[in-house]
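Asks: For reference, the chains in residue letters:
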Amino acid sequence: MLSIKNLQAKIGEKQILNGINLEVKPGEVHAIMGPNGSGKSTLASVLAGREEFEVTGGTADFLGKDLLEMAPEDRAREGVFLAFQYPVEIPGVSTINFMKTAVNQIREYRGQQPLDAVSFLGVMKEKMKLVEIDQSLLNRSLNEGFSGGEKKRNEIFQMAMLEPKLAILDETDSGLDIDALKIVANGVNKLRNKSNAVVVVTHYQRLLDYIVPDFVHVLYKGKIVKSGTKDLALELEAKGYDWIKDEVTVA
Amino acid sequence: MSAVATEKNITADLASVIEKNIASLPSQMQKRKEALDAFKKIGLPLNKSEEYKFTPVTRFLERNFDLSVSTQPGKLNPAPYFIDGLDASVLVFINGVYSPAHSAIKSPGITVSTLQDALLNNNSTALKYFGTLADVNADAFTAWNTASWSDGVFVHIPKNVVAEKPILLYHIHDAQAQVISHSRNLILVEKSSEVTILEKFDSAGSANHFSTVVTEAVVEENAGLNFYSIQNDSGARHQVGLIQVQQANHSRVNTFTFSLDGKLIRNNLHLTLDGEGIESHMYGLYLLGKDTLADNHTVADHRKPNSFSNELYKGIMDESSRGVFNGKIYVRPDAQKTNAFQANRNILLTDKATVNTKPQLEIWADDVKCSHGCTSGQLDEEALFYLQTRGISKETAQAMMLYAFAGEVLESVKDPVIKAYLDQVISERLHKNF
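So the sequences go chain by chain: A and B.
With the working numbering applied, the first sequence corresponds to residues 1 to 251, in that order.
With the working numbering applied, the second sequence corresponds to residues 1001 to 1434, in that order.
If you're looking for bench data, these hints aren't it; they were derived computationally from the structure.
Check before you lean on any hint, since a few could be wrong.
What follows is a list of derived Cβ distance ranges for each label pair [as the list claims (entries may be wrong)]:
#1 A/Asp-134 with B/Lys-1106: 20 to 30 angstroms
#2 A/Arg-140 with B/His-1431: 44 to 54 angstroms
#3 A/Asp-134 with B/Glu-1408: 52 to 62 angstroms
DSS-like, lysine-lysine: derived pairs with alpha carbons at most 27 angstroms apart [what the hints assert, rightly or not]:
#4 B/Lys-1290 with B/Lys-1159
#5 A/Lys-223 with A/Lys-125
#6 B/Lys-1394 with A/Lys-65
#7 A/Lys-239 with A/Lys-221
#8 B/Lys-1352 with B/Lys-1414
#9 A/Lys-65 with A/Lys-239
#10 B/Lys-1053 with B/Lys-1041
#11 B/Lys-1394 with A/Lys-165
#12 B/Lys-1394 with A/Lys-10
As the structure is a computational prediction, the values presented were derived from the model and not from experiment.
A virtual CB, placed ideally from N, CA and C, is assigned to each residue, including glycine.
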């Protein structure tokens, strides 16, 4: 589904990604871990289409199409969803209006009929229950006055509404207490199926107790330096990242 | 001819035109002559004028108008410019002249008439208050208006009356040929009474047209005034307006200024909070495109303790348009416990659009709460990106954010019909397709 080959990217003069290789197939959960500054969020940003980052080499294909050529809205319409680490507040734009516009623009792109107000509300209610988010949050302006946990739950709610093929969760667990974490993870797990995939970018192993990965990759200085199963995450948790850094330097 | 000589000449030229026309104008001859003297003394604002620094009205007058040409009476059908669905008194002025055929005054229990009628019939209230608030020595356009006004509305709400129906003033220019008009309004809202007044400016035709509009309003104890000004004239409208309001204890004034189109608009809004327990709000929204210049100069003058004023003006400048804002807050020595707030937020959509914004707080009391905030910038890129990552096109994302930005001012409009009308105009302008 997602095929990244030798991806390199920089921001301004600073080279951050130095050749990422990653294959994600439908039904899989990949975790990307690494110390601060390793390029985890950059990878997520580049895949989502942030303009500040310049791709200097390599490719990223999604369902056989060149992802890097597409505008951010088209990547979303093709089925890529980025759950932000710091979801922005947009006062004056109601969550419901925003969601309806997004859903219908994606449906239009896919040749489907737009949802009318009644159908849309029906879908919304269904998904709200699924990810345990309260109606009161949705009546307000997008993320305005939301706590950290509420913002992250709103990200997962959007994911439920948009039904992406590939979800990239950018440090979704940062700033969450254990209860909020469980709710978020629960939501993600309920949305998983054989045809979609999830890439979890995280600094801490804790989330991976709940969203269990098939593959764990360690990112260090813009490269994936080690891959393994979920046990690798446990090893990192126990030993920290210095162990990996030493291994890499020796190599 | 040197530049200075030309500028001196325009004041002198205009003064002689005013003088020539004065004899044919109705009523208040003494005040007209005094105003003309004041006009000659002050002169039209020149390049160095602080108050008109970014708004070269005089230069536009020089270039776009022949001041020696008189304005013809106009003839047009005003219906396309009306706001539908309002059960209201309607007064239509075409080229500054009252058009009874198109007007309909519904005023049970209150007095609504043209100002000409009121003064010619020696209405004591009109005679008492006319010309007492707008200072001809403060601004040349006020002086010009006081010397040259043709007509306008006189509204008198007696004690304890809530005027149910709003009063709509449609000022329309028949601009097949150049038009210069001067409108004058006088409003008295007595103790514990309320009224809503809306003025709307439009035109037909492509010639340049200029108007001065001066409104004096006295709002007595515990009374309320809602005043809307809708400036969406797609023709070559040049306008300088003054709304001068005097407020007594516990009164409430809400003004709503929507500047959506025109060539050059200058709005002067002056609230004198001369009492305690007053609550006043000044709202403004300017959505500008082409090469429109819209300038809002406001004053909140707190003279007594314990009063509250809040000002929110927001602007979106597109293409080569120019926005100007200057918000003065005066807190006099006796005005302790004043709460005065001001916010001016601007978004520039292109490299050519500009905005000049200046808060100006002059505070002489020492136990007050005042704040101001003027910002200008582009749309939040992070927010636009966020919307795009949800599949929303950049154009729609931009429209959503601009509509949300303007929405804060629209939210403040109380009347549902007026709000719906403005929502429709604003949505179209911002290409709202969601």
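Asks: Next, verify each hint and record whether it holds.
Replies: Status of each hint after checking the structure:
1. Separation of A/Asp-134 from B/Lys-1106 is about 48 angstroms and departs from the stated range, judged on CB atoms against 20 to 30 angstroms.
2. As the Cβ distance of A/Arg-140 to B/His-1431 is approximately 25 angstroms, the hint placing it in 44 to 54 angstroms is violated.
3. Evaluation of the 52 to 62 angstroms hint for A/Asp-134 and B/Glu-1408 yields a failure: the beta carbon distance comes to about 25 angstroms.
4. Taking the CA atoms of B/Lys-1290 and B/Lys-1159, the gap is near 46 angstroms; set against the 27 angstroms cutoff, the hint is violated.
5. With a C-alpha separation of about 42 angstroms, the suggested pairing of A/Lys-223 with A/Lys-125 is violated against the 27 angstroms cut-off.
6. At most 27 angstroms may separate the alpha-carbon atoms for a hinted pair to count; B/Lys-1394 and A/Lys-65 meet this at roughly 21 angstroms.
7. Restraint check for A/Lys-239 and A/Lys-221: the C-alpha separation of about 19 angstroms stays at or below 27 angstroms, so the hint holds.
8. Taking the CA atoms of B/Lys-1352 and B/Lys-1414, the gap is about 35 angstroms. The hint is violated against a cut of 27 angstroms.
9. Restraint check for A/Lys-65 and A/Lys-239: not satisfied, since their Cα atoms lie roughly 39 angstroms apart, outside the 27 angstroms limit.
10. Using a Cα cut-off of 27 angstroms, the hinted pair B/Lys-1053 and B/Lys-1041 holds, with the two alpha carbons roughly 19 angstroms apart.
11. Using a Cα cut-off of 27 angstroms, the hinted pair B/Lys-1394 and A/Lys-165 holds, with the two alpha carbons roughly 22 angstroms apart.
12. With a CA separation close to 24 angstroms, the supplied pair B/Lys-1394 and A/Lys-10 stays within the 27 angstroms bound.
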